[in-house]
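Engineer: Chains as they are written, first to last, in our numbering: chain A, 1 to 118; chain B, 1001 to 1110.
Among the hints, erroneous ones may be present.
[Stated by the list, open to error] Calculated from the model, a selection of chain A residues having no Cβ within reach of chain B, i.e. all distances over 10 Å: (1) Gln6; (2) Leu68; (3) Ser95; (4) Arg114.
[Stated by the list, open to error] With a straight-line Cα cutoff of 20 Å, these simulated EDC-like cross-link-like pairs (lysine to aspartate or glutamate) come out: (5) B:Lys1003 / A:Glu59; (6) B:Lys1052 / A:Asp65; (7) A:Lys64 / A:Glu106; (8) A:Lys14 / A:Glu106; (9) A:Lys66 / A:Glu22; (10) A:Lys20 / A:Glu106; (11) A:Lys64 / A:Glu22; (12) B:Lys1054 / A:Glu106; (13) A:Lys41 / B:Asp1067; (14) B:Lys1054 / B:Glu1017; (15) B:Lys1052 / B:Asp1067; (16) A:Lys41 / A:Glu22; (17) A:Lys66 / A:Glu87; (18) A:Lys55 / A:Glu87; (19) A:Lys41 / B:Asp1082.
Don't read these hints as lab results, they were simulated from the structure. For glycine and all other residues, C-beta sits at the position ideal for the given N, C-alpha and C.
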Amino acid sequence: GAVVSQHPSRVICKSGTSVKIECRSLDFQATTMFWYRQFPKQSLMLMATSNEGSKATYEQGVEKDKFLINHASLTLSTLTVTSAHPEDSSFYICSASQGLAAEGDEQFFGPGTRLTVL
Amino acid sequence: LAKTTQPISMDSYEGQEVNITCSHNNIATNDYITWYQQFPSQGPRFIIQGYKTKVTNEVASLFIPADRKSSTLSLPRVSLSDTAVYYCLVGDITADKLIFGTGTRLQVFP
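One chain only, chain A, in its complex shape:
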């Protein structure tokens, strides 16, 4: 199957700093990329959907100025957590789809990035 990578796999930062997480589709072009956040023992929560070359669509309750998403190419999307605070500590997972996910095109998930804010 198609491969999606994330970098870094884990990051520890001080409160108030910004952290950038990269999501890459390695062997296919991703029309759409999704960003999820997952707290311990909870389900994945969709944060935003991004399409190459356009602004991301954020889910209700997700601050777009805090979680900056850039989808500059068909193989790369980045999530920047600005002015991170301890409550932003979580497991961030991206996924990528070649077409419309809801029409049956499979979503391929990255391995996740563990963010810890001290």
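Since the structure of chain A is already known, use the hints to place chain B on it.
Structural biologist: For chain B alone, kept in the frame of chain A given last:
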């Protein structure tokens, strides 16, 4: 968006068949049903996807009744490595996104 309901947890023993049922009463005509598996600190992994009747691949089967208001993931002869959280997702073509439900935490015992 079609909402899904799954049991929170299930226990099984090695070698047994495990069936996890998901309810999706307001599934739309064009929605697909997809199941993912997730291990701790890893991204979800695709298991199987279907639209109606029965789908089988090398790891699982998916049974979907005619009314499509539910679906059952069947894992034949589970092993300890099948201990994971399993998510049922229903695709909403109008929203073009997949929303994860609470998932079912499967624990396989020796």
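Engineer: For every hint, state whether the structure bears it out.
Structural biologist: Verification of the supplied hints:
{"no.": "1", "hint": "Gln6", "in the structure": "violated (8 Å)"}
{"no.": "2", "hint": "Leu68", "in the structure": "holds (19 Å)"}
{"no.": "3", "hint": "Ser95", "in the structure": "violated (7 Å)"}
{"no.": "4", "hint": "Arg114", "in the structure": "violated (7 Å)"}
{"no.": "5", "hint": "B:Lys1003 / A:Glu59", "in the structure": "holds (16 Å)"}
{"no.": "6", "hint": "B:Lys1052 / A:Asp65", "in the structure": "violated (42 Å)"}
{"no.": "7", "hint": "A:Lys64 / A:Glu106", "in the structure": "violated (26 Å)"}
{"no.": "8", "hint": "A:Lys14 / A:Glu106", "in the structure": "violated (36 Å)"}
{"no.": "9", "hint": "A:Lys66 / A:Glu22", "in the structure": "holds (16 Å)"}
{"no.": "10", "hint": "A:Lys20 / A:Glu106", "in the structure": "violated (26 Å)"}
{"no.": "11", "hint": "A:Lys64 / A:Glu22", "in the structure": "holds (17 Å)"}
{"no.": "12", "hint": "B:Lys1054 / A:Glu106", "in the structure": "holds (18 Å)"}
{"no.": "13", "hint": "A:Lys41 / B:Asp1067", "in the structure": "violated (32 Å)"}
{"no.": "14", "hint": "B:Lys1054 / B:Glu1017", "in the structure": "holds (17 Å)"}
{"no.": "15", "hint": "B:Lys1052 / B:Asp1067", "in the structure": "holds (9 Å)"}
{"no.": "16", "hint": "A:Lys41 / A:Glu22", "in the structure": "violated (24 Å)"}
{"no.": "17", "hint": "A:Lys66 / A:Glu87", "in the structure": "holds (13 Å)"}
{"no.": "18", "hint": "A:Lys55 / A:Glu87", "in the structure": "violated (25 Å)"}
{"no.": "19", "hint": "A:Lys41 / B:Asp1082", "in the structure": "holds (17 Å)"}
Violation of the numbered hints given earlier is confined to hints 1, 3, 4, 6, 7, 8, 10, 13, 16, 18; the remaining hints are satisfied by the structure.
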